[in-house]
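Hey, can you piece these two chains together into the complex? The hints should help.
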Amino acid sequence: MKNIFTIKTSLLFALLILMSSSVFSQAVINGKVKDKKGKPVAYASVFMKQSLEGALTDTTGSFKLTTAYTGNDTILITSPGFEDVEQPILVQAKIYNLNYTLFEAESTLDEVTISAGTIEASNDRAVAVLTPLDIVTTAGGQGDIIGAIQTLPGVQRNGGDQTGLMVRGGDVNESVVVVDGTVAQNAFFSNVPGVAQRSRFNPFSFKGTSFSSGGYTARYGQALSSVLDLQTNDLPEKTNLNLGANMAGVYASGSKLMGDNAFEYSANYLNLAPFYGITKTNVDFYDVPQGGGISGRWVSKVSKEGMFKMNFSHSFNKMGIEVPNPEIAGSSMTFGMQNENTFFNTSYKHWVNSKLRYFGAFSFSNNTDNITWSGFPMYRNDNRLQGRLEVWHEMHRKFNVLLGTEIQRYSYTSQFDTLIGKFDELMSAAYLEFEYKPWRRFAIKPGVRGEYSQLIARGNVVPRVAFAFKTGESSQVSFAGGMFYQTAPTQYLLQGYRPGFQQAVHYMANYQVMKNDRVFRVEAYYKSYDQLVRENGVAYNPNQYRFNYGMLDNSGSGYAQGIDFFWRDKKSIKNFDYWISYSYIETKRLYQNYTDKVMPDYVSPHNLNVITKYFIMKWQTNISVSYNYASGRPYYNPTSEKFLADHAPDYHNVALSAAYLTTFKKMFAVFYISVDNVLDQKNILGYRYSYDGSQRYPMLPPMYRSIFLGVNLSLTQFKQEELP
Amino acid sequence: MKPKVHEYLQKTIKVMSKTMIIAALSVLTINTYAQQTAEETLKGHLQQMDTTQDVNKVMQASGGFDLATKKFASEPMTYYYAAYSKAILSYYLPESEMKKKDMYLDQADQQFEKYKSMTKESDETFVLAALLANARMAVDGQKRWKEYGKIFDENLEKAKALNPENPRIYYLRGTSTFWTPKMFGGGKKNAKPYFESAKKLFEKQDNSSVLKPIWGVLQTDWYLKQCEE
Numbered sequence: 139m140k141n142i143f144t145i146k147t148s149l150l151f152a153l154l155i156l157m158s159s160s161v162f163s164q165a166v167i168n169g170k171v172k173d174k175k176g177k178p179v180a181y182a183s184v185f186m187k188q189s190l191e192g193a194l195t196d197t198t199g200s201f202k203l204t205t206a207y208t209g210n211d212t213i214l215i216t217s218p219g220f221e222d223v224e225q226p227i228l229v230q231a232k233i234y235n236l237n238y239t240l241f242e243a244e245s246t247l248d249e250v251t252i253s254a255g256t257i258e259a260s261n262d263r264a265v266a267v268l269t270p271l272d273i274v275t276t277a278g279g280q281g282d283i284i285g286a287i288q289t290l291p292g293v294q295r296n297g298g299d300q301t302g303l304m305v306r307g308g309d310v311n312e313s314v315v316v317v318d319g320t321v322a323q324n325a326f327f328s329n330v331p332g333v334a335q336r337s338r339f340n341p342f343s344f345k346g347t348s349f350s351s352g353g354y355t356a357r358y359g360q361a362l363s364s365v366l367d368l369q370t371n372d373l374p375e376k377t378n379l380n381l382g383a384n385m386a387g388v389y390a391s392g393s394k395l396m397g398d399n400a401f402e403y404s405a406n407y408l409n410l411a412p413f414y415g416i417t418k419t420n421v422d423f424y425d426v427p428q429g430g431g432i433s434g435r436w437v438s439k440v441s442k443e444g445m446f447k448m449n450f451s452h453s454f455n456k457m458g459i460e461v462p463n464p465e466i467a468g469s470s471m472t473f474g475m476q477n478e479n480t481f482f483n484t485s486y487k488h489w490v491n492s493k494l495r496y497f498g499a500f501s502f503s504n505n506t507d508n509i510t511w512s513g514f515p516m517y518r519n520d521n522r523l524q525g526r527l528e529v530w531h532e533m534h535r536k537f538n539v540l541l542g543t544e545i546q547r548y549s550y551t552s553q554f555d556t557l558i559g560k561f562d563e564l565m566s567a568a569y570l571e572f573e574y575k576p577w578r579r580f581a582i583k584p585g586v587r588g589e590y591s592q593l594i595a596r597g598n599v600v601p602r603v604a605f606a607f608k609t610g611e612s613s614q615v616s617f618a619g620g621m622f623y624q625t626a627p628t629q630y631l632l633q634g635y636r637p638g639f640q641q642a643v644h645y646m647a648n649y650q651v652m653k654n655d656r657v658f659r660v661e662a663y664y665k666s667y668d669q670l671v672r673e674n675g676v677a678y679n680p681n682q683y684r685f686n687y688g689m690l691d692n693s694g695s696g697y698a699q700g701i702d703f704f705w706r707d708k709k710s711i712k713n714f715d716y717w718i719s720y721s722y723i724e725t726k727r728l729y730q731n732y733t734d735k736v737m738p739d740y741v742s743p744h745n746l747n748v749i750t751k752y753f754i755m756k757w758q759t760n761i762s763v764s765y766n767y768a769s770g771r772p773y774y775n776p777t778s779e780k781f782l783a784d785h786a787p788d789y790h791n792v793a794l795s796a797a798y799l800t801t802f803k804k805m806f807a808v809f810y811i812s813v814d815n816v817l818d819q820k821n822i823l824g825y826r827y828s829y830d831g832s833q834r835y836p837m838l839p840p841m842y843r844s845i846f847l848g849v850n851l852s853l854t855q856f857k858q859e860e861l862p
Numbered sequence: 341m342k343p344k345v346h347e348y349l350q351k352t353i354k355v356m357s358k359t360m361i362i363a364a365l366s367v368l369t370i371n372t373y374a375q376q377t378a379e380e381t382l383k384g385h386l387q388q389m390d391t392t393q394d395v396n397k398v399m400q401a402s403g404g405f406d407l408a409t410k411k412f413a414s415e416p417m418t419y420y421y422a423a424y425s426k427a428i429l430s431y432y433l434p435e436s437e438m439k440k441k442d443m444y445l446d447q448a449d450q451q452f453e454k455y456k457s458m459t460k461e462s463d464e465t466f467v468l469a470a471l472l473a474n475a476r477m478a479v480d481g482q483k484r485w486k487e488y489g490k491i492f493d494e495n496l497e498k499a500k501a502l503n504p505e506n507p508r509i510y511y512l513r514g515t516s517t518f519w520t521p522k523m524f525g526g527g528k529k530n531a532k533p534y535f536e537s538a539k540k541l542f543e544k545q546d547n548s549s550v551l552k553p554i555w556g557v558l559q560t561d562w563y564l565k566q567c568e569e
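Protein sequence lines, in the order shown, are assigned to chains Y and F. In this text, residue positions in the first sequence follow this note's numbering: the first is 139, and each later residue adds one. In this text, residue positions in the second sequence follow this note's numbering: the first is 341, and each later residue adds one.
Chain F with its partners taken away, still in its complex shape (with noise of 0.2 Å):
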């Protein structure tokens, strides 16, 4: 009987403790996926940002990206990315909600000074500085671009010193030549060139890492595709 009965826990144990190790598996594997490394969840982020026109989705992607300030507090580009957020969705804030644009842009300095104060300094560092101005100076751009204009050009004066084929640098000054009225020298005819440089300059840069800045391609297309109608 004995050796039966050990044989059969034998057995038992031994059906038991597989489908106990698949299952305590699988739920360490789930574990495991909802903790995302900091790159999977700005990636994550930053695709929801760039696919959608909806203000309320950018503005959970920029709430994502607070989060990621938070849970990977060490990781430096958590800050760039919510930096960059905020100004990406002050451009989305309907135009009368100058106050609460501000707030964000507010936000997002900060943000971009802790982002400053773990990296070194860098072309994309001015690029990113360049594009907060940018978002300043639209909130109430005919009493700020004077103001923000200037930080706008000396920060991607900066950057094309530092790396001049950065394509950010293009990027922006297309979209700021593109909206500003033609009669200040802007206009879809002088932005154009500048998104023809960018687009170039995208080409060779390399996509694999959202954990270095790799905005822009989608919203390049865009814009070409405006000038040329």
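Isolated chain Y, as found in the complex (with noise of 0.2 Å):
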């Protein structure tokens, strides 16, 4: 009985502690989370490490724990998109009121991202303003990354006379146009007097187009005004087949993914014939624009870190054109060329880890024209070699550093009757930028970059910089400014003339709001030019294929000042989208063979651009309508008192285009229709006058309004995994 009263007892008090463990010396933690602005963090988990009990916020950020364990415990707190909160605790059996506050993770979106000057198209960066389906998508554009780039603010509207990018006060030589790393020295289809030319580029090449319209990266040089860097796809999504026709021609391309590595191919079939039959032209052919190319690319995913790219093209086309002889005003002359061209560039980017990336580029290009002009012969060549090499690294979360150098080697002939020109150029450069980034809401991009020329034997080191402060959740400003070098234009230098180089000093300031699918941009900026090439002793001629340029040297100046403003909206009304861009520039120059200050005659002060662009669901069609708008340029007036003073009339067009999306069976077609200059405006972009001053003649774009068709089929693989 004893023994049994014993065990009972014992058996009691056990229970008893146990029992008291368990319920009267329980810990109660009551908490409250809340955010950095006092707002309630709803279902964040509350764990307690050494006990394990957890719990969930409420929606009032409040939780309540219970625990039997007493001692030390450490509480977690975790939230999405929240730094973690630890706390050591004594737990012991009583009640607590705790009180939590979570700050928000530092996330790369959040960051500050530099914007002066640059205009991002890309598919990879949250950042990116345009998107590359937005080129070709855009009326008026032509299926052109050129096309659409000029509806960007900054960018002059080409009236279709001239062949290359203008920006922002600077003239066509003043851009430069780069590919995976290097240089794409025709990136144009060969110059034609009075006619603009496409690119060579097929949009869907591009995975991003970065447009720098001024303080552009370190990373570059050789370029007074602008530079824009395309980077061409990774990898394909799949195996296809593409077949396409329209207005100019027949094309098939495709490409084959193997696992890691793909091959792309392509061969066209250019003719004209079928487009100029139907749209009207100011200009004659006697021979339609014909031609092929086939284009080849290998992309190779090296293991997880690298990525290979090598693209190779080779083309022949050519034409006879009519056109105004650019020396005797009112007559017109003859102009046939025969263009064949290649184009072969590789790059290799490694990753060696997060921190530290090896990128290596090199390309090489040769183009020939022969042209018989009036029916004298004429042949151009000119060939390019560049290499790139570069390495990155993170050296801590808030600072990088980018260390580089490139080596290019050009050459270019000409000869036209027995004049021969020539000319050899080998221009080394190396390069450094820092990046630091103190915090989140403000980052530093200072850089440096040297440049020496073998043919002028002259270097030169210039310093850039930009910054951005994030003035909200999703509005920054920006800065950049800086020193920039270019050798004087081609035409010069194969003349034997070896002038130093052109000075540009850029300063700007932007602005920036995106938020929701809007986005809003102000920039303004102040250009000067300085050290620009002229011509003494000679008298000013308006023909920009004259031989004579006397006296060279480096006494030019200039300047340009302006603002540009961006708004694009695709959230406000649904499957609709679209922007306005529109730029005052004023600028002034005295360069090449000006007798005076003025405002170049390629500049018109004002431009505007208004695309719209509405996807129309039930019908799958995207329709896009735009309408661009440029004061006029001046024009040369010999009986006029003041040089380049009188203006052409304003530039009006109305593009429109449509494209109807459909799958039958495995195969996706797109039919498309594309309407340049809808009202068949006649624009006027200045005039040209007889040698006495008593006759003038308008100068008029390649044509009014024009018509394109096409038809573009794509078959992709048939998918692995169809049904059991």
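It should be emphasised that the hints constitute simulated quantities derived from the structure, not laboratory data. Honestly, I wouldn't trust all of these hints.
[To be verified] Distance condition first, Cα-Cα at most 27 Å in a straight line; then the derived BS3-like pairs of lysine-lysine:
1. 653/Y / 439/F
2. 376/Y / 442/Y
3. 202/Y / 170/Y
4. 803/Y / 529/F
5. 439/Y / 490/F
6. 483/F / 376/Y
7. 440/F / 803/Y
8. 345/Y / 483/F
9. 486/F / 522/F
10. 712/Y / 440/F
11. 522/F / 532/F
12. 709/Y / 439/F
13. 440/F / 653/Y
14. 439/F / 756/Y
15. 486/F / 653/Y
16. 440/F / 172/Y
17. 439/Y / 454/F
18. 170/Y / 411/F
19. 608/Y / 486/F
20. 608/Y / 439/F
21. 804/Y / 486/F
22. 708/Y / 653/Y
23. 486/F / 751/Y
Set out below in structure tokens:
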């Protein structure tokens, strides 16, 4: 009995102890979790590391935890988007009331990005203003990257008579196009007097387009105004085959995806007879543009860390055209051209780890024009070799550095009748750029670039800097500035002149708000030009193909100042997207054969672009309408007292394009039509005068209203995981 | 007296101890009930997610899975479901909350990595990878379909190579087709055969434990109904 009693008593006491520990000595932790602004954080997880007790906060941010455990413990609070909070706590059997504040986690999305001077078009980056698809679906852009770039602020509307990009008062020589890190010397089809040429690129080849209208990075040089930096696609998503036909020819292209490697190929035959058959042109083709080309491409993902790309293209084109004679106003001349172009470029990017990256690129190009100019043969050839090596290192989360070097060797030859011109240039450069983000809201990117030209036996070292402040959740202010050098245009170098570098200094300030598919940007800039090439001892001649340059020196100068606005809204109306860009520029320069410091003859002070796109789901059709306005450009009037003081009438263009998208079987098809200058506006770009000034002839765009039709068929490999 | 007292005490103690034992046991039971197993915990949260259309409830369930990853840190399925729930949550959040969706998916990626490090590669690994890629794409379809569409396809192919009987492969292929515009080869009509295959395979699925992925059954029925309309 006694034994039983003892056992029972001890059992009782044991039970009493057990009960007291679980009932009487429980700790109760009440708490509230808030964010920095004092707003409750709902569904945050609150966890005690020792006792393994956990709870979630409710919609008021409150939680309650009870635990039998006493002693040292750690409270861990986590919620997506916030930094974790850990706090040691000595748990005793009592009631706690605790308050916690969570701080937003630093994510790269919230970090400031420098936006002054640059507009991004990319699929990769959250900061992109445009996507590559926007480029091809823009009415009036004619499916050309350059056409779409011309709708961006700061870019001069090209009336259709000049080949190239004219940015913020700069002429066509002052912009450079870069593909995968190396310069594309022949970005455009060869120059034809008075007829603008397209770029050679297929807009679908690029995953990213970064357009800088000034203040660009130290990676690049030899462009006084702007850089268009294009990045080709990585691996294609599928093996596919594309077939297309339009009024400019037929083409076939495809890609073969083999795991981490892909081969892409294309062939095209170009014949503009159907296009010029329908459209009335202001210039006569006695030999309609015809030609063909092939291209190949190899892309390799080398393990997880490297990306190798190799592009090759070769094309041949010929045409014969009757154009206004640039030498004698009022008369016309024949211009026949055969062009052969080869372009090869390769690049390799290797990530050693997430903080160290190497990049190397190499390119080669060769371009030959055989021209008959009013019956006289003319030969032009240029070729280029370029290499670039770069290393990027993130030394600290807030600090990274880019160090690189590039070497470019290019030569130009031209022969007209018995006149031969030739030059070889070897340009070497090195650059160093830092990026420092001491706070999430502030970033600064100083850089320095040194260049040496063997041709003119001169070098330069220039500073570049950009910085940005985040002023709100989705707004920021950035500044950029720098010095830029460029050698004289090729026509001077071909004749044996060796003037020094021309110089530009850029300053710009930018304010940008990006929120919910709406973008507002405003950018003001000032550029000063110095050491521009000037012809002395010759009278002004508006012919850009003139031969007599007199005595050349670097005494030219000028400036450009202006303001650019950009507004885009994809949000307000479903499936409706529009953007408006407006630029105002005030610029003067005394250069080349100008006789006075004036606004150059390619500049329109006001440029307005309104681009609209509407996707009609029910019809599976995308419709785009655009309107471009450019105020009249100055032109030379020999009877006028002031130099380049007369202005052409304003330029207007309404363009329309529609694309119908459909799938039948496994084939995706796009039918498209675009009409440029729908209203058949008779734009006049300026006037040319006879020698005595008694006659004037209007300079006209190559065509007024034009219609372009086409179809693209895309066949994708059948999916592997069909039904079981 | 003594024995009487003794007897009384003994009796009292007997009664007391009985009560005590019951009381103590009941306390213990309550404690055990609170100390759910990983399986029970996951099952509860999964049920909550499956039976609601309310984004707050989904968030709550997702928070529950997060908590489970800490409480049952050695159970890989806690990470699996925590990642899975984030993908589902990203579909529930309003279209404009792109940043937030990406943030949840960033966390899902981390949890998925943890899951992968704790388990052997299986068809379910690739199915979840495909789901996460699809969720990423859905954040900004127009810009991301190219990149994530490819990852989605690749992972489904890998999953199929390991186990062509996994119903979730066809369920995911179906949802992706369902939401793809008709002109790109998507739409209800094209999606339906996938859901039909998924349904057949789901019927063969062993639903006895959530420690094997079982999601997709209710959803498949919902999509099939949509396809019939």
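Each hint tested on the structure:
Taken as a hint, the residue 653/Y and residue 439/F pair is honoured in the structure, with Cα atoms around 11 Å apart against an allowance of 27 Å. Using a Cα cut-off of 27 Å, the hinted pair residue 376/Y and residue 442/Y holds, with the two alpha carbons roughly 19 Å apart. Simply put, residue 202/Y and residue 170/Y have alpha-carbon atoms about 9 Å apart, close enough for the 27 Å limit, and the pair holds. With a CA separation close to 13 Å, the supplied pair residue 803/Y and residue 529/F stays within the 27 Å bound.
Restraint check: the Cα-Cα separation between residue 439/Y and residue 490/F comes to about 14 Å, which is no more than 27 Å; the hinted pair holds. Proximity of residue 483/F to residue 376/Y is assessed by CA-CA distance (about 17 Å); at most 27 Å being required, the pair is judged to hold. Pair hint residue 440/F plus residue 803/Y does not hold up; C-alpha atoms about 38 Å apart against a cutoff of 27 Å. For the given pair, residue 345/Y sits about 11 Å from residue 483/F by alpha-carbon distance, which is consistent with the 27 Å threshold.
Between residue 486/F and residue 522/F the alpha-carbon distance is near 17 Å, which keeps this suggested pair within the 27 Å criterion. Restraint check for residue 712/Y and residue 440/F: the C-alpha separation of about 22 Å stays at or below 27 Å, so the hint holds. A hinted pair counts as satisfied when its Cα atoms are at most 27 Å apart, and residue 522/F with residue 532/F qualifies at roughly 13 Å. The hinted pair formed by residue 709/Y and residue 439/F meets the criterion: a straight-line CA distance of about 16 Å does not exceed 27 Å.
A distance of roughly 14 Å separates the Cα atoms of residue 440/F and residue 653/Y; the hinted pair therefore holds under the 27 Å criterion. Of the supplied pair hints, the one linking residue 439/F and residue 756/Y is violated, its CA atoms being roughly 30 Å apart against a limit of 27 Å. The straight-line distance between the Cα atoms of residue 486/F and residue 653/Y is roughly 23 Å, inside the 27 Å bound, and the hint therefore holds. Of the supplied pair hints, the one linking residue 440/F and residue 172/Y holds, its CA atoms being roughly 18 Å apart against a limit of 27 Å.
Taken as a hint, the residue 439/Y and residue 454/F pair is honoured in the structure, with Cα atoms around 25 Å apart against an allowance of 27 Å. The straight-line distance between the Cα atoms of residue 170/Y and residue 411/F is roughly 21 Å, inside the 27 Å bound, and the hint therefore holds. A C-alpha spacing of about 31 Å is found between residue 608/Y and residue 486/F, which places the hinted pair above 27 Å, so the restraint is violated. The hinted pair formed by residue 608/Y and residue 439/F meets the criterion: a straight-line CA distance of about 17 Å does not exceed 27 Å.
A hinted pair counts as satisfied when its Cα atoms are at most 27 Å apart, and residue 804/Y with residue 486/F qualifies at roughly 17 Å. Restraint check for residue 708/Y and residue 653/Y: the C-alpha separation of about 10 Å stays at or below 27 Å, so the hint holds. Distance restraint check for residue 486/F and residue 751/Y: the Cα-Cα separation of roughly 21 Å lies within the 27 Å cut-off, and the hinted pair is therefore satisfied.
Hint check: violations occur at hints 7, 14, 19; the rest are consistent with the structure.
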